[in-house]
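Trainee: So you can see what is in the structure, the chains are spelled out below.
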Amino acid sequence: MKTKYWILLFALLAAACLLCSYFLFFGGTSGTTATVISDGVTVMTLDLFVDGEYTIKSDYGENTIRVVDGKVSVVSADCPTQDCVHHAPANSGAPIVCLPNRLVITFSNAQEYDAIIG
Amino acid sequence: MKKLCAISLLLAFLLCGCAQNAPVEREIFAMDTLMTLRVWGDDDDVAAAVSEINRLDALLSVTDENSEIYALNRDGTAEFSLDTFELLNKAVAVSRRTDGAFDPTVYPLVEIWGFTKEEQRVPSQGEIDAALSRVGYEQLERELDVTCVSMDGKIDLGGIAKGYAAQKVVELLQSRGIETAFLSLGGNVQTLGSKPDGAPWLVGIADPSAPSQAIACLRFHDSLALVTSGGYQRYFEENGVRYHHILDPKTGYPADSGLASVTVLAHDGALADGLSTALFVMGMEKATALWRESDDFEAVFITKDGAIFATDGAASLLTDCECTVIER
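Heads up: the sequence lines are chains A and B, in that order.
Using my numbering, the first residue of the first sequence is number 1, and each one after it goes up by one.
Using my numbering, the first residue of the second sequence is number 1, and each one after it goes up by one.
In short, the hints are calculated from the structure, not lab data.
A hint or two may mislead.
Claimed, not checked - No farther apart than 27 Å at their CA atoms in a straight line, the calculated lysine-lysine pairs in the DSS-like style are these:
no. : chain 1 : residue 1 : chain 2 : residue 2
1   : B       : Lys117    : B       : Lys250
2   : A       : Lys71     : B       : Lys304
3   : A       : Lys57     : A       : Lys71
4   : B       : Lys117    : A       : Lys57
5   : B       : Lys195    : B       : Lys250
6   : B       : Lys195    : B       : Lys117
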């Protein structure tokens, strides 16, 4: 009987390990998507392999986002500072942020770092 | 059957252990920036941290009409709470150490360049001279014997408030029994403790020529504050010339010290924040001299041509890059 329990324990642990491995390798993202968050709410997930142009409107303002050649950029914004428009087209790393319009574009493969400062 | 129960309990315990290793994460807009809070605690701990940030923002904001700083700038006199008073003293201390390269009284200059407004423009030399006559931390220093301050100039704590807020949040979380947290308040990062799984904190330093990418990585355990100041963070262009937002309190123009960014590492968040601005304005030579006579910070300098220099303490944490080590 003892052996039976050990087999059961081993089987359960093996299953748990497989489950963990699945989430570790596939639970993250492949680095080909960007998430568009407007005032704290996810409004769109962009496939960076698909070119397109999208306008995001919120109570705070309007931004136009473009996906070309696997990178995202903000091509226009009705905000005063234009920091987001100055941001070079990106597909990874630190998020693109438009503070006045409360728009954030994050990248699925940014998890390598806890943060990028600058 | 008992053994089966024991096994189930063991597995449940292991899985719960995994769950407790996951932080509670929250993103908020405050202090004119995007902040990310990761706290290895519960929702109440994160809510308390958010409340603390909002409380400090309400005291220290230069644009909120109800803030203590706004009152001073509007009326020329204000009664400060202990937090504002403490931060003003920290700000003046950084000014004194850096011979005014960081100066909380720089606001008249910030105003004429329009960095807090919608319209950014290059002011005339006359406007700059007039603003410069109202800039100087010494007048604030003289007033700071008491919490009621009167002065002719105007104050902007934007170059130090986020670092102070991060420090205060860490202290608050510690008082609630939290051992691990990671705060990213705009360009400011503050860590508390080590990750429960023993992995190091990995903080990338933005590449000034492509800020969404990291040019170097700082790898460390334990509690630390890291702040980057760079001319690429906010700027405007006029007649083909780029003007960034870090103003030299001595010249009244955007600092032109040959540096693209400075990252400061320290245990005190406000010190790291204030010094990052100051060292950027001072340039590498003067900044390095200040570091040699100090023992409470380390720094990473990225020059305009992309070269990386690091003080020896910072260099020991740097990975994924080639850097020149500055020896003490």
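Trainee: If you draw a straight line from the CA of Lys195(B) to the CA of Lys250(B), is it 27 Å or shorter?
Mentor: 43 Å, violated
Trainee: Quick one, are Lys57(A) and Lys71(A) close enough, alpha carbons at most 27 Å?
Mentor: 21 Å, holds
Trainee: Under the criterion that the straight-line Cα-Cα distance not exceed 27 Å, is the pair Lys117(B), Lys57(A) satisfied?
Mentor: 22 Å, holds
Trainee: Please verify whether Lys71(A) and Lys304(B) have alpha carbons no more than 27 Å apart.
Mentor: OK: Lys71(A) and Lys304(B) at ~25 Å, within 27 Å.
Trainee: Between Lys195(B) and Lys117(B), is the straight-line Cα distance small enough, at 27 Å or below?
Mentor: 40 Å, violated
Trainee: Would you mind confirming whether the straight-line C-alpha gap from Lys117(B) to Lys250(B) stays at or under 27 Å?
Mentor: 22 Å, holds
Of the numbered hints given earlier, the model fails hints 5 and 6; all others are met.
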